[in-house]
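Undergrad: Spelled out from the first residue to the last, the chains are:
2 protein chains.
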Amino acid sequence: MSGGLDSTTCLAWARQEGFACYALSFDYGQRHSIELEAARRTAEALGAVEHRVAKIDLRVFGHSALTDDIDVPKHRDESAMNAAIPITYVPARNTIFLSFALAWAEVLEAADIIIGVNALDYSGYPDCRPEYIAAYEAMANLATQVGVEGRTKLKIHTPLLHLSKADIVKLGAELGVPFGLTHSCYDPTPAGKPCGACDSCLLRAKGFREAGIADL
Amino acid sequence: MSGGLDSTTCLAWARQEGFACYALSFDYGQRHSIELEAARRTAEALGAVEHRVAKIDLRVFGHSALTDDIDVPKHRDESAMNAAIPITYVPARNTIFLSFALAWAEVLEAADIIIGVNALDYSGYPDCRPEYIAAYEAMANLATQVGVEGRTKLKIHTPLLHLSKADIVKLGAELGVPFGLTHSCYDPTPAGKPCGACDSCLLRAKGFREAGIADL
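These protein sequences, in sequence, are chains L and U. Mapping to this note's numbering: the first sequence position 186 is 186, numbers consecutive. Mapping to this note's numbering: the second sequence position 78 is 78, numbers consecutive.
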């Protein structure tokens with residue numbers, strides 16, 4: 001739960017599907033903690049049973065603009081965004097995030113993990129591909145007590161996997177996502193205002209524009 | 001790298017295989033930090049290029065005698081150890097550990113991860129089974145830039161997978177493992193002396209006894 005558009009829409013989707021939701025966020029040395037505040041707000045607004053923040057230090061390995069002192073790229077067009085794996089990529093991030101979710105799922109005896117990965121607008125990230133998610137699910141079913149004989153099969157749900165950003169905005173609007181509480185920017189001002197120029201801001205703006213919905 | 005018998009023997013094995021070794025330990029809120037000191041000593045003694053400690057908070061989900069205020073079981077016989085998943089099991093621990101190793105491997109552009117899991121003496125842990133490791137490797141090859149087209153296939157090595165504790169002691173002895181620098185106990189005294197009664201101490205003692213080698 002980053003408190004962004006995608007994870008918040010996922011939570012709203014899961015609530016509508018009837019899941020009791022335990023929201024998990026990560027304090028992973030990202031340069032801004034505004035997203036943790038947004039996650040707390042959106043988890044509460046959408047009725048999560050619980051919201052926990054796991055502290056993990058991804059800076060120990062460095063190598064990303066989201067955790068290192070590397071400038072976040074600005075004003076890129078979409079071909080530049082999709083040309084290569086972006087500098088904002090955090091090594092093995094979804095694998096690490098899913099592994100913590102798996103640990104909590106095991107403690108809760110939960111058999112469903114929901115993650116807001118998207119294969120269309122973030123094609124540069126290897127750990128957003130459908131074949132990656134399928135392989136993770138297969139592994140997860142062997143990894144824990146949830147996966148041992150007689151237990152429920154663990155499922156990784158990816159409701160946004162094949163949606164465009166505009167589709168996500170439309171789904172979020174249908175589900176009543178409080179867009180104004182969400183936060184997407186990779187490089188906000190100290191006061192928490194989005195920069196409007198990083199890949200995340202540009203993709204969000206394009207999504208709302210194409211959906212014909214105002215970003216409040 | 002826990003600084004125990006298994007991970008230290010793995011490091012010695014990897015050095016003999018010709019790998020340049022980057023040793024990774026975890027500060028995961030375990031009740032004793034003596035193992036991190038043992039890991040530092042053994043990594044240095046066996047010529048690791050680098051040793052890093054990643055801080056992660058597994059206590060956020062609780063549920064294990066290694067991270068919670070639950071008593072470590074003592075003086076159990078082997079049938080009791082193998083009867084059920086032990087209370088010292090940390091949920092999804094190997095999955096989380098391997099995920100951090102995968103992140104570091106990606107940064108280093110390394111294609112080999114070595115882990116000292118063992119399917120014989122720890123049959124109660126689901127994440128020590130060969131089918132789990134195979135599934136993890138398949139997932140890892142889809143998770144990162146190491147796994148994208150044209151890159152080397154990532155391999156997870158488990159040199160101890162099918163060895164008994166006695167076999168591990170024999171292998172360690174052949175490879176010149178400095179047993180005296182290693183630490184295995186789940187519940188050491190404040191001065192760092194092993195308790196001699198937890199599952200880990202009992203299995204270690206049995207391994208040395210059956211190998212006919214003195215534990216110095």
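Hints should not be assumed to be uniformly reliable.
As the list makes no split between identical chains, a pair holds if one copy fits it or if it spans any two.
Keeping only pairs whose Cα atoms sit at most 25 Å apart, straight-line, the calculated SDA-like set for lysine to any residue is [as the list claims (entries may be wrong)]:
# : residue 1 : residue 2
1 : LYS206    : LEU142
2 : LYS74     : VAL107
3 : LYS155    : VAL60
4 : LYS153    : LEU181
5 : LYS153    : LEU216
6 : LYS74     : GLN145
7 : LYS153    : PRO190
8 : LYS206    : ASP57
Hints were generated in silico from the structure; no laboratory data involved.
Undergrad: Taking the hints in turn, state whether each one holds.
TA: Hints, one by one, checked against the model:
For a Cα distance limit of 25 Å, the shortest separation of LYS206 from LEU142 qualifies neither inside one copy, at 40 Å, nor across copies, at 29 Å. Proximity of LYS74 and VAL107 under a CA criterion of 25 Å is satisfied inter-copy only: 24 Å between copies versus 41 Å inside one chain copy. For a Cα distance limit of 25 Å, the shortest separation of LYS155 from VAL60 across copies, 22 Å, qualifies, whereas the shortest one inside one copy, 31 Å, does not. Neither within a single protomer nor between protomers do LYS153 and LEU181 lie at most 25 Å apart by alpha-carbon distance, with minima of 34 Å and 42 Å respectively.
In this assembly of identical chains, the alpha carbons of LYS153 and LEU216 never lie at most 25 Å apart, being 39 Å within a copy and 46 Å across copies at closest. For a Cα distance limit of 25 Å, the shortest separation of LYS74 from GLN145 across copies, 23 Å, qualifies, whereas the shortest one inside one copy, 45 Å, does not. In the homo-oligomer, the alpha carbons of LYS153 and PRO190 never lie at most 25 Å apart, since the shortest distance is 44 Å inside one protomer and 42 Å across protomers. Taking the closest pair of Cα atoms, LYS206 and ASP57 never come within 25 Å of each other, the shortest separation being 32 Å inside a single copy and 37 Å across copies.
In summary, the numbered hints that this structure violates are 1, 4, 5, 7, 8.
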